[in-house]
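Chain order of the listed sequences is A, B and C. Under full-length UniProt numbering, the first residue of the first sequence is numbered 1, with each subsequent residue one higher. Under full-length UniProt numbering, the first residue of the second sequence is numbered 1, with each subsequent residue one higher. Under full-length UniProt numbering, the first residue of the third sequence is numbered 1, with each subsequent residue one higher.
It is worth saying that the hints were derived from the structure and are not from the lab. Hints should not be assumed to be uniformly reliable.
[Said to hold, decoys possible] DSBU-like, lysine-lysine: derived pairs with alpha carbons at most 35 Å apart:
(1) C:Lys45 with B:Lys18
(2) C:Lys153 with B:Lys18
(3) B:Lys239 with C:Lys42
(4) A:Lys128 with B:Lys199
[Stated by the list, open to error] Residues from chain B that face chain C, not an exhaustive set, calculated with beta carbons under 7 Å:
(5) Thr125
(6) Thr249
(7) Lys250
(8) Arg256
(9) Lys257
(10) Gly259
(11) Ser262
(12) Leu263
(13) Ile272
(14) Arg283
(15) Val286
(16) Tyr287
Note that beta-carbon positions come from the ideal geometry of N, C-alpha and C, so glycine has one too.
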Amino acid sequence: MREVPLSLAEYDFVIKALQDNLRLDRRSVYDIRDIKINFLKTRGACIVSIGNTQISAQVSADIVKPKDSRPNEGILKINLELSPMGAQHFEVGKQSDQGVELNRLLEKNLKQSRFLDIETLCIRAGEKVWQIRIDLNVLNYEGNILDCANIAVICAVSHFRLPEVSVTGDQIKIFTPEERNPIPLITIHMPITLSFAFFDQGKYLVVDPTELEEKCMDGKLVIGMNRHREICTMQLSGNMLLLKDQIKRCVDITANKVAKLTEFIQEELNKTTSDLDQNQSVRTSSLADKMSLT
Amino acid sequence: MQDIDINKATQPYEYYLKFIKENCRPDNRRLSDIRPCNVTVNCINTANGSSLVKLGSTNVICGINARLCRPKEDRPNKGYIICNVEVPALCSSKNFKSSSSAQSGGFTQSSVSSASIEQTQAMLTQLMQDIIAESKCLNEEDLCIKEGKLAWILYIDLICLNNDGNVQDACCLAMISALKNLKLYEVDFDEEENKPIVKYPLILKSLVLNNEPVCTSLFALEENILLTDPNKQEEDFMKTFVLICSIDTKKICLIRKLGGFSLKTEQLNLCINRALENGKYLRENVYNKF
Amino acid sequence: MLFDSSNLEAELGCLTKPDGSAKFTINDTVQLCGVYGPGEVKLMKEIAERASVSVVYKPRVGLNTNREKVFEYTLRSILDGIIITSLHPRTAINVIIQEVQNDSNYLACSLNCACLALLDANIPLKYTFASVSCALIENENRIIYFPNAKQEKESLMSGTFVFDSVDKDLISVNTSGVFDQDQFNFILNNARQYAIDKIFPLFNKLINQQYNKN
Chain A
1 MREVPLSLAE
11 YDFVIKALQD
21 NLRLDRRSVY
31 DIRDIKINFL
41 KTRGACIVSI
51 GNTQISAQVS
61 ADIVKPKDSR
71 PNEGILKINL
81 ELSPMGAQHF
91 EVGKQSDQGV
101 ELNRLLEKNL
111 KQSRFLDIET
121 LCIRAGEKVW
131 QIRIDLNVLN
141 YEGNILDCAN
151 IAVICAVSHF
161 RLPEVSVTGD
171 QIKIFTPEER
181 NPIPLITIHM
191 PITLSFAFFD
201 QGKYLVVDPT
211 ELEEKCMDGK
221 LVIGMNRHRE
231 ICTMQLSGNM
241 LLLKDQIKRC
251 VDITANKVAK
261 LTEFIQEELN
271 KTTSDLDQNQ
281 SVRTSSLADK
291 MSLT
Chain B
1 MQDIDINKAT
11 QPYEYYLKFI
21 KENCRPDNRR
31 LSDIRPCNVT
41 VNCINTANGS
51 SLVKLGSTNV
61 ICGINARLCR
71 PKEDRPNKGY
81 IICNVEVPAL
91 CSSKNFKSSS
101 SAQSGGFTQS
111 SVSSASIEQT
121 QAMLTQLMQD
131 IIAESKCLNE
141 EDLCIKEGKL
151 AWILYIDLIC
161 LNNDGNVQDA
171 CCLAMISALK
181 NLKLYEVDFD
191 EEENKPIVKY
201 PLILKSLVLN
211 NEPVCTSLFA
221 LEENILLTDP
231 NKQEEDFMKT
241 FVLICSIDTK
251 KICLIRKLGG
261 FSLKTEQLNL
271 CINRALENGK
281 YLRENVYNKF
Chain C
1 MLFDSSNLEA
11 ELGCLTKPDG
21 SAKFTINDTV
31 QLCGVYGPGE
41 VKLMKEIAER
51 ASVSVVYKPR
61 VGLNTNREKV
71 FEYTLRSILD
81 GIIITSLHPR
91 TAINVIIQEV
101 QNDSNYLACS
111 LNCACLALLD
121 ANIPLKYTFA
131 SVSCALIENE
141 NRIIYFPNAK
151 QEKESLMSGT
161 FVFDSVDKDL
171 ISVNTSGVFD
181 QDQFNFILNN
191 ARQYAIDKIF
201 PLFNKLINQQ
211 YNKN
């Protein structure tokens with residue numbers, strides 16, 4: 001089906017509201033919407049929502065032959081699909097431009113920044129390594145897929161447990177979860193992205209745009225950072241020019257948010273390990289309950 | 001005479017119903033009859049097993065190729081059986097478009113039978129795979145020669161050459177006939193050199209099937225009249241479709257019914273009885289010939 | 001003899017963007033369904049006298065295989081007979097099912113989920129349908145409803161049955177395992193009774209809750 005086009009009245013309204021520092025959902029310009037992380041019973045599966053945008057992440061592992069150029073490294077595959085459930089204009093089949101851009105950004109932020117230690121995935125150098133595959137599906141699209149997908153990948157990968165293997169001569173034996181406890185994946189750092197939307201040639205900026213704001217925006221700045229204030233990704237796209245001070249300001253805002261988000265995610269992950277002991281199957285928790293972001 | 005011709009072209013469904021009310025069909029069959037069936041085996045010399053089935057005008061050819069392979073780590077004592085069914089553009093004028101999800105036309109297409117080529121092929125492939133898995137006529141463990149080192153992998157390819165309805169029954173007949181005539185040569189595994197050794201002179205061994213599954217397709221028109229073995233025209237009219245696979249005179253391994261009309265229990269039992277009878281008939285007259 | 005300890009839960013309207021959405025849980029299997037429609041249809045898929053129904057099933061991991069394509073075809077053939085498509089000609093009704101967690105029974109769970117999502121989207125239906133999955137244990141002559149993977153493997157036969165809400169006749173069936181006619185009738189009648197006793201009342205309760213809340 002076709003996307004509902006943006007009307008001029010909606011565009012004018014959003015811009016005028018921003019001139020008075022107001023947003024349609026009554027947030028401040030620097031506020032992120034409420035983040036909820038919902039871990040499922042299967043290891044490595046979670047549903048993350050920022051406001052009404054919901055994305056599901058599923059992790060699975062397979063044993064394959066490694067790449068010739070990197071014989072002792074495992075393989076990490078991230079695949080984000082704009083599922084037709086998310087919005088009526090998302091189609092199955094060939095990826096749209098938006099889908100390609102999102103996949104590329106996730107790859108830059110997560111794979112190239114080495115958030116997962118892929119050398120530990122090697123079983124037998126040159127012959128057998130683990131391939132970790134993460135499938136992301138957009139369940140509901142209300143703006144800002146990238147940040148949501150990013151958090152989903154980090155949570156799912158940290159939640160996942162890899163089956164233990166033993167190598168004896170030529171044979172590789174994979175142990176079932178009943179025989180031996182599966183082991184967690186080793187993550188080095190948590191690169192979290194933050195999206196900024198700019199309006200009116202860079203005059204106004206908002207953090208975490210909704211779908212309407214994304215349609216009205218002139219350009220977008222994505223900054224990926226971890227809690228040690230290391231920038232992992234930065235991408236500026238759209239029809240505008242920015243000053244050095246504006247970018248520096250965005251970096252500071254990102255550093256502030258990322259520190260709080262990292263804490264929140266870490267807390268949730270710790271709770272799931274204790275949940276396993278108590279045999280609770282699903283857990284949902286909300287960021288707004290824990291802290292207030294200004 | 002001319003009136004009948006006009007009726008047949010402009011109102012095909014009403015024309016057809018006139019025959020059904022008299023308890024027969026335009027091609028001179030009773031409601032529960034299948035079309036005449038003819039099977040030829042060993043028609044492809046280069047394959048390890050093959051067969052060609054003609055069910056009325058529907059033609060399906062099956063070729064089985066056997067290769068050696070090393071079983072994967074998570075299933076070291078099983079071989080592989082891989083089915084693939086193709087319904088290419090040559091078999092029917094409706095299959096002309098090769099694009100993925102085109103629904104050709106919209107006039108006489110029954111909602112139950114309309115499917116793109118990709119979906120039809122996926123359905124048939126999955127059906128053949130399920131028939132082998134559910135009936136257990138061939139176990140994957142039987143294909144293993146040496147655990148963890150050597151096993152057979154059977155590639156079963158079916159191609160529909162002419163689609164005049166009921167491809168699934170024809171495919172099943174073709175596959176099982178080809179399997180019955182499959183001949184594998186004896187292979188040993190040399191531990192020291194770590195490779196397979198074929199015994200010369202070639203000792204050919206045919207595969208023994210545990211049972212012989214036969215597929216029967218039935219369909220229903222309004223007033224819940226049930227007919228066996230649809231041809232192409234009847235597939236356009238059908239309101240619902242039942243597929244039953246029997247493995248001997250009493251046992252059934254698969255019942256599939258797609259949407260459309262709902263059927264009462266008595267009608268289902270009628271379908272099962274017809275399927276069991278049909279299975280018995282085909283086993284005596286077709287499978288036991290070789 | 002009946003044996004039932006399954007946990008059935010459902011939630012309507014959990015997503016904001018689709019016209020209708022539902023989440024259905026059977027024990028540990030969770031499926032999510034979203035429905036868009038009736039809406040604009042691509043020229044290629046347009047049908048002159050009725051709405052064009054399309055079904056997409058997204059598996060939990062990996063890409064679409066034959067298993068998913070077969071399921072999409074089965075569901076579409078069921079829905080084409082149930083949705084009153086002649087009321088909305090030249091439109092498209094899209095049904096998307098996402099597998100969230102799969103511990104067997106995925107067919108029954110998805111079908112029930114699709115029915116609820118269609119009701120939530122207010123798409124005109126001839127009747128609603130309920131799906132029951134059960135397995136027959138041979139030696140003890142008892143039936144387990146919504147078996148898990150281990151129970152299904154040890155059973156003599158198992159099947160997924162879909163019944164309509166008016167006459168409680170069989171719309172669709174999919175079986176596995178080897179059985180004879182009497183066993184099939186036994187399991188069919190019990191499945192029908194289960195749908196009448198448990199699943200249709202659950203749908204009624206959910207719809208009542210949804211509309212009383214508003």
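To see whether the hints hold, each was checked on the structure:
1. C:Lys45 with B:Lys18: Holds, at about 33 Å.
2. C:Lys153 with B:Lys18: violated (48 Å)
3. B:Lys239 with C:Lys42: Holds, at about 26 Å.
4. A:Lys128 with B:Lys199: It holds: about 33 Å lies between the C-alpha atoms, which stays within 35 Å.
5. Thr125: holds (6 Å)
6. Thr249: violated (10 Å)
7. Lys250: holds (5 Å)
8. Arg256: With a minimum Cβ separation of about 6 Å from chain C (threshold 7 Å), the hint on Arg256 of chain B holds.
9. Lys257: holds (5 Å)
10. Gly259: Hint on Gly259 of chain B: holds, closest Cβ of chain C at ~3 Å, below 7 Å.
11. Ser262: holds (4 Å)
12. Leu263: Cβ of Leu263 of chain B sits 5 Å from chain C, so the hint holds.
13. Ile272: holds (5 Å)
14. Arg283: violated (16 Å)
15. Val286: violated (22 Å)
16. Tyr287: Since the shortest Cβ distance to chain C is 18 Å, the answer is violated.
Figure legend: structure checked against the earlier numbered hints; hints not met, in rising order: 2, 6, 14, 15 and 16.
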